[in-house]
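Colleague: Sequence:
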Amino acid sequence: MYLSRLKLNPSVRITREMLINPYTLHQAVYRAFPDKSDGGAGRVLYRIEQDQRSGTVSLLVQSEKTPDWTKADYLGECLLEKAELKPFDPRILDGQRLYFRLRANPSVKKQAEGKKNGYRMGLLREVDQLKWLHKKAEESGFTVVTCQAMPEGIIHDERGQEDRRKLIHYAVRFEGMIKVVNPDIFTTTLNNGIGSAKGFGFGLLSIAPVKG
Numbered sequence: 001m002y003l004s005r006l007k008l009n010p011s012v013r014i015t016r017e018m019l020i021n022p023y024t025l026h027q028a029v030y031r032a033f034p035d036k037s038d039g040g041a042g043r044v045l046y047r048i049e050q051d052q053r054s055g056t057v058s059l060l061v062q063s064e065k066t067p068d069w070t071k072a073d074y075l076g077e078c079l080l081e082k083a084e085l086k087p088f089d090p091r092i093l094d095g096q097r098l099y100f101r102l103r104a105n106p107s108v109k110k111q112a113e114g115k116k117n118g119y120r121m122g123l124l125r126e127v128d129q130l131k132w133l134h135k136k137a138e139e140s141g142f143t144v145v146t147c148q149a150m151p152e153g154i155i156h157d158e159r160g161q162e163d164r165r166k167l168i169h170y171a172v173r174f175e176g177m178i179k180v181v182n183p184d185i186f187t188t189t190l191n192n193g194i195g196s197a198k199g200f201g202f203g204l205l206s207i208a209p210v211k212g
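Each residue of the sequence shown is one higher than the one before, counting from 1 in our numbering.
The hints are simulated quantities; they were obtained by calculation from the structure and are not laboratory data.
Incorrect hints may have been included.
Derived pair list, reagent style EDC-like, types lysine to aspartate or glutamate, alpha-carbon separation capped at 20 Å [unchecked claim]: (1) K71 - D89; (2) K86 - E139; (3) K109 - E126; (4) K198 - D35; (5) K71 - E126; (6) K65 - D35; (7) K131 - E175; (8) K109 - E64; (9) K179 - E152.
Start from the sequences and build out the full structure, keeping to the hints where you can.
Modeller: Written out as C-alpha cells, the structure reads:
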C-alpha cells in the first residue's frame, strides 16, 4: 500500500468547495488513480484533517495502487507544496499497542417501511458511538484501550436531492490507543477501512507505534 499527504491551501476556492462537498473531493482524489479501463483504482481510503488553530488543511490518502498526483489537476490547484508519497507496509504483531485515529460514520441500518432497501441512521450520542467502535473492533482484530469520540459535524452528499435522509453522514473522529489481538484480521482492516461511506472520506484507520 501507499500513503500520501497533500497540504492544501485553505484560502483557495476549490479547497473550500471540497471541504463542504464530499463528492467533489471524491472526484478530485480518484483522478490520481487508473480508471476502470486500466484496471481501476483499487482500494482507496482518505481523510481530511483540519487544524483549527493554525488553519492548515491536509488530505491523507491510503491506496492499494501508486497514485499519480500530477494527474489530479483539480487538487493541483490547491497544493501548498508537492504531495508526499511513501510505501506503507506495517509489521503488525499480536498484542501490539498502537495509537490510532479514525474518522468514521457511526450508524446502524434500519428498514424503511414499504421499501426494499433500508437506510442508515447516524448515532448521535457519544455512548452509542463508542459502543459502535467497540463492536467494530471485535470484528476487526483489535480491542480499544483508550478512546475519545469528537463530533465533526454533518456531511451532505450533494449529488442528489430526492432523499436527503440517505445522503447525510455524521462525522466523528475517534482517537486513542488500541491493542492488536489478531494480526491477520487487523491487517485486512487496515487495507479495507472501517464503517460505511468510505468513498466520502470516512473509514481510514491511521496508526502509530506506542514507544517505550
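Colleague: What hint numbers does the structure not satisfy?
Modeller: 1, 2, 5, 8, 9
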